[in-house]
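My numbering applies: residue 69 is where the sequence shown begins, and numbers increase by one.
Treat the hints as calculated values from the structure; they're not laboratory data. Computed from a prediction, not measured in an experiment: that's the story for all the values here. Hints should not be assumed to be uniformly reliable.
[As the list claims (entries may be wrong)] Dumping the calculated DSS-like pairs for lysine-lysine here, alpha-carbon to alpha-carbon at most 25 Å:
1) K84 with K131
2) K132 with K156
3) K135 with K168
4) K129 with K93
5) K168 with K132
6) K167 with K131
7) K131 with K100
8) K135 with K236
9) K135 with K100
10) K231 with K100
11) K129 with K84
12) K100 with K129
13) K100 with K132
14) K156 with K131
15) K231 with K131
16) K132 with K93
17) K236 with K199
18) K167 with K236
19) K129 with K156
20) K84 with K236
21) K199 with K167
22) K135 with K231
23) K167 with K156
24) K199 with K168
25) K84 with K100
26) K135 with K167
27) K100 with K168
28) K167 with K132
29) K167 with K231
30) K93 with K131
31) K231 with K93
32) K231 with K84
[To be verified] DEER-style ranges, computed between Cβ atoms:
33) K129 with L166: 19 to 29 Å
34) I88 with S187: 35 to 45 Å
35) D267 with D170: 33 to 43 Å
36) S222 with Y149: 37 to 47 Å
No residue lacks a Cβ here, since even glycine has one placed at the ideal position from N, Cα and C.
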Amino acid sequence: MAEVLTYERFDTDPFKDIDIDDETKGAYQIIKWAYEHYGDSIVYSCSFGAEGMILIDLISKVKKDAKIVFLDTDLHFQETYDLIDRVKERYPSLNIELKKPDLTLEQQADQYEPALWTSDPNQCCYIRKIKPLEEVLSGATAWVSGLRREQSPSRQNTDFINKDERFKAIKVCPLIYWTWDDVWAYMERHDLTYNELHDSNYPSIGCIPCTSQVSSSGDSREGRWKNFNKTECGLHTANSKPK
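Can you build the whole structure from these sequences, using the hints too?
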């Protein structure tokens, strides 16, 4: 049996040279390997954006009862919750969990300040997204993410298999070579459901206070944390713990 690739044993992406000329640009091959390699010790942390619909469809073909976690901050759009319900109907065997933070919004307001996202979005993201994912990944060896290199400059060097310094785990990113057009072409070809907000210039959808429509130019992260020097919640950055 091959030795399991872990955070401690990671050296380099073993799939740097794979053929990406298939329909999924290598994504299906990576997902198949990941779930065969890690079994029940891999988790997909899904935001239920457009990329998420692709990964859910591909993962379901490999492991019908895969664990999928949605970081439920209590601040998401109703359209996002409605989409999760539709996904559960289409893929009834998937193990979809809505993971909430330890603090309710009321407790967070009492302990810090009301509408913390308006003054310290990094702290808010840490409480409502990063800490919950830490708990989810505490017993996992690897996790799946929908990062694409095209999304933003900070994601251009993402590999299929990555050493995740933030969560001390292996991060699997099957869609690194996909373009936004690729995402929608697959969506249409396979008649996948998606968040209706995508039809109103919301390429990246997160919490209501920190998500806005985008212009026709700029990268897909343009609509996140408007008026802040911030484009990432911290899940994909090594130094994401606030002071």
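- Hint consistency between K231 and K100 [alpha-carbon to alpha-carbon, up to 25 Å]: holds (19 Å)
- Query: Would the pair K167 and K156 pass a check requiring their Cα atoms to be no farther apart than 25 Å?
  - Reply: holds (16 Å)
- For the pair supplied as a hint, K93 and K131, is the alpha-carbon distance within the 25 Å limit? holds (20 Å)
- Decide if the proposed pair is consistent with the structure: K135 and K167, CA atoms, cutoff 25 Å inclusive. Judged against 25 Å, a Cα distance of about 12 Å means the pair holds.
- Proposed proximity, K131 with K156 (alpha carbon, max 25 Å): holds (15 Å)
- Task: Please work out if K100 and K168 have their alpha carbons no farther apart than 25 Å.
- Result: Cα-Cα ~29 Å, so violated.
- Message: For a C-alpha distance cap of 25 Å, please report whether K84 and K131 respect it.
- Response: Holds. K84 to K131 sits at ~24 Å (cutoff 25 Å).
- Query: For the pair supplied as a hint, K129 and K156, is the alpha-carbon distance within the 25 Å limit?
  - Reply: holds (15 Å)
- Assess, step by step, whether the Cα of K100 is no farther than 25 Å from the Cα of K132, and give holds or violated. holds (12 Å)
- Task: Given the hint that K84 pairs with K236, test it: the Cα-Cα distance must not exceed 25 Å.
- Result: Roughly 21 Å separates the two Cα atoms, so the pair holds.
- Query: Holds or violated: are the alpha carbons of K199 and K167 at most 25 Å from each other?
  - Reply: holds (10 Å)
- Pairwise beta carbon distance, I88 to S187, judged against the given window 35 to 45 Å: Since the Cβ atoms of I88 and S187 sit about 43 Å apart, the hinted range of 35 to 45 Å holds.
Checked against the numbered hints listed earlier, the structure breaks hints 27 and 36; every other hint is satisfied.
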